[in-house]
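Go ahead and model the full structure; you've got the sequences and the hints to work with.
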Amino acid sequence: MYASMIIPAVMLLIISVGLIQRQPVFTLFCDGAKEGLHTMYSIAPSLIGLITAIGMFKASGVLDFLTSLLLPVTALADIPEQVTPLFFLKPISGSGSLAILNNIINENGADSIVTKIASVMTGSTETTFYCIAVYYGAVRINKTGCTIPCALIGDFAGMMTAIILTSRFG
Amino acid sequence: MLPYIWGAMIIISVVFSVLNNTQEQLNAAVLDSAGEAVELVISMCGTVCLWSGIMEIADKSGVTKFVSKLLSPITGKLFPSLDKKGDAFRAINMNITANLFGLGNAATPLGIKAMQCLQKENVSSCASRDMIMLVILNTTSVQLIPTMILSLLQSAGCSDPSGIIPFTWAASVTGLVCGVISVMIFTKREGKLCTRR
Chain A
1 MYASMIIPAV MLLIISVGLI QRQPVFTLFC DGAKEGLHTM YSIAPSLIGL ITAIGMFKAS
61 GVLDFLTSLL LPVTALADIP EQVTPLFFLK PISGSGSLAI LNNIINENGA DSIVTKIASV
121 MTGSTETTFY CIAVYYGAVR INKTGCTIPC ALIGDFAGMM TAIILTSRFG
Chain B
171 MLPYIWGAMI IISVVFSVLN NTQEQLNAAV LDSAGEAVEL VISMCGTVCL WSGIMEIADK
231 SGVTKFVSKL LSPITGKLFP SLDKKGDAFR AINMNITANL FGLGNAATPL GIKAMQCLQK
291 ENVSSCASRD MIMLVILNTT SVQLIPTMIL SLLQSAGCSD PSGIIPFTWA ASVTGLVCGV
351 ISVMIFTKRE GKLCTRR
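Taken in order, these protein sequences are the chains called A and B.
Heads up, the first sequence is in our numbering, so the first residue is 1 and it goes up one at a time.
Heads up, the second sequence is in our numbering, so the first residue is 171 and it goes up one at a time.
Rather than coming from a laboratory, the hints here were simulated on the basis of the structure.
Here the structure is a predicted model, which means the values were calculated and not measured.
Any given hint could be a false lead.
[Unchecked claim] Short derived list, chain B residues pointing at chain A, Cβ under 8 Å:
1. G223
2. I227
3. S231
4. V233
5. I244
6. G256
7. G281
[To be verified] Quick list of in silico lysine-lysine cross-link-like pairs, BS3-like style, CA-CA up to 27 Å:
8. B/K283 with B/K235
9. B/K230 with B/K358
10. B/K239 with B/K254
11. B/K283 with B/K230
12. B/K255 with B/K230
13. B/K283 with A/K143
14. A/K34 with B/K235
15. B/K358 with B/K247
16. A/K143 with B/K247
17. B/K254 with B/K230
18. A/K34 with B/K230
19. B/K254 with B/K235
20. B/K358 with B/K235
21. B/K239 with B/K290
22. B/K290 with B/K235
23. B/K283 with A/K34
24. B/K254 with B/K290
25. B/K255 with B/K290
26. B/K230 with A/K143
27. B/K283 with B/K358
28. B/K358 with A/K143
Ideal placement from N, C-alpha and C gives every residue a C-beta, glycine not left out.
Below you can see the structure in the form of structure tokens.
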């Protein structure tokens, strides 16, 4: 698959440019990797909290109950029922949607089409409400006009595209 | 918002499990989940660190600057009233590029700087059109390599994690375009942006 060439090609390109520009590529790499470690360190507490909450939600049967309530709507739009929680959680919490994705992988296997659809959905948008809070918070603006509706339109369009394309061609 | 959702999820789960007679599964879930989360963090760590290392090289060797120059004609169309040589315009370009490369730690300060520049020219107490556009570009941003998801799939034993990349590109570009178009429609129609409190 050509997709498996994307990552090596990006690496090749970036490292060649770094060498041509006479940058200390390995030192820079280590600096960046340290930052990655910091990222994982900082998301670990929220992941622990959210994976526990989602595990409980799933085990108690609430999640299945809620998705079965939405089944008439989701079946109409050809949305796999397992991915419906992502529509609600993805705009609110990045770690939360990772937790849902992890749950979907555990239930359906890492190579199933549902896993692939959920991965594309999670990978295709940002944590909308976090962005809005950070950016408007920085300039102390509360009246955000049409920001939230527009952001949610973008999220919904991205996630529906993810479902349609991945279930057709995935 | 998240604290309420999180709390509600746990409370509802406990109550529901008593009604549904699934206390044992619930108890097992509590005991397993925390450990599972830590395993997940550790197994994802490698790939995430690798990519933030590579992207640091891209940033310092000028790849991101180059890409942001390539993007500037498009950003110019999205922010027609901005001075193309101003600080706000440059910060917006760099912010979009940093998002594209998954440099979250670099993207946020650049975005905030751009917001502050836009705020200086903003006369009302409401978000200006350009602010809304900038925030939407961030909420629907496209990521070249969706590192977190790839590392999660990799650690779960997926045979072809990078197979999702073309799909995430297509889906996030669609989301971005729809978001941008809706900003254009909403801000044109409203004229006056202060309608929500």
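Do the hints match the structure? See the list:
1. At a threshold of 8 Å, the smallest CB-CB gap from B/G223 to chain A is about 4 Å, leaving the interface hint in force.
2. For the restraint placing B/I227 at the interface with chain A, the shortest Cβ-Cβ distance is roughly 4 Å, inside the 8 Å limit, so the hint holds.
3. Interface hint status for B/S231: upheld, as the beta-carbon distance to the closest one in chain A is roughly 4 Å, under 8 Å.
4. Proximity of B/V233 to chain A holds as hinted, the smallest CB-CB distance being about 5 Å (cut-off 8 Å).
5. A cut of 8 Å between beta carbons decides the hint on B/I244: the least distance to chain A is about 16 Å, and the hint is violated.
6. Nearest Cβ of chain A to the Cβ of B/G256: about 17 Å, over the 8 Å cut. The hint is violated.
7. Against a cut-off of 8 Å between C-beta atoms, the interface hint on B/G281 holds, since the closest Cβ of chain A lies about 6 Å away.
8. Between B/K283 and B/K235 the alpha-carbon distance is near 17 Å, which keeps this suggested pair within the 27 Å criterion.
9. The straight-line distance between the Cα atoms of B/K230 and B/K358 is roughly 39 Å, outside the 27 Å bound, and the hint therefore fails.
10. Annotation: proposed proximity of B/K239 to B/K254 holds, straight-line Cα distance about 11 Å (limit 27 Å).
11. Note on B/K283 and B/K230: the hinted pairing holds, with a Cα-Cα distance of about 20 Å set against a maximum of 27 Å.
12. With a C-alpha separation of about 22 Å, the suggested pair B/K255 and B/K230 falls inside the 27 Å cut-off, and the hint holds.
13. Between B/K283 and A/K143, the direct Cα distance comes to roughly 19 Å. Compliance with the 27 Å bound is thereby established for this hinted pair.
14. For the given pair, A/K34 sits about 22 Å from B/K235 by alpha-carbon distance, which is consistent with the 27 Å threshold.
15. Annotation: proposed proximity of B/K358 to B/K247 holds, straight-line Cα distance about 15 Å (limit 27 Å).
16. For the proposed pair A/K143 and B/K247, the alpha carbon gap of about 25 Å is at most 27 Å, so the pair holds.
17. Distance check on the hinted pair: B/K254 and B/K230 sit about 24 Å apart at the alpha-carbon level, within 27 Å; holds.
18. Among the hinted pairs, A/K34 with B/K230 is consistent with the structure: their alpha-carbon atoms are about 15 Å apart, no more than 27 Å.
19. Proximity of B/K254 to B/K235 is assessed by CA-CA distance (about 15 Å); at most 27 Å being required, the pair is judged to hold.
20. Between B/K358 and B/K235 the alpha-carbon distance is near 32 Å, which puts this suggested pair outside the 27 Å criterion.
21. Restraint check for B/K239 and B/K290: the C-alpha separation of about 24 Å stays at or below 27 Å, so the hint holds.
22. Straight-line distance between C-alpha atoms of B/K290 and B/K235 comes to about 25 Å, which keeps the hinted pair within the 27 Å bound.
23. For the given pair, B/K283 sits about 25 Å from A/K34 by alpha-carbon distance, which is consistent with the 27 Å threshold.
24. Note on B/K254 and B/K290: the hinted pairing holds, with a Cα-Cα distance of about 16 Å set against a maximum of 27 Å.
25. Of the supplied pair hints, the one linking B/K255 and B/K290 holds, its CA atoms being roughly 16 Å apart against a limit of 27 Å.
26. The suggested pairing of B/K230 with A/K143 is violated, with an alpha-carbon distance near 37 Å, which exceeds 27 Å.
27. Straight-line distance between C-alpha atoms of B/K283 and B/K358 comes to about 26 Å, which keeps the hinted pair within the 27 Å bound.
28. A threshold of 27 Å between alpha carbons decides the hint, and for B/K358 with A/K143 the separation of about 17 Å falls inside it, so the pair holds.
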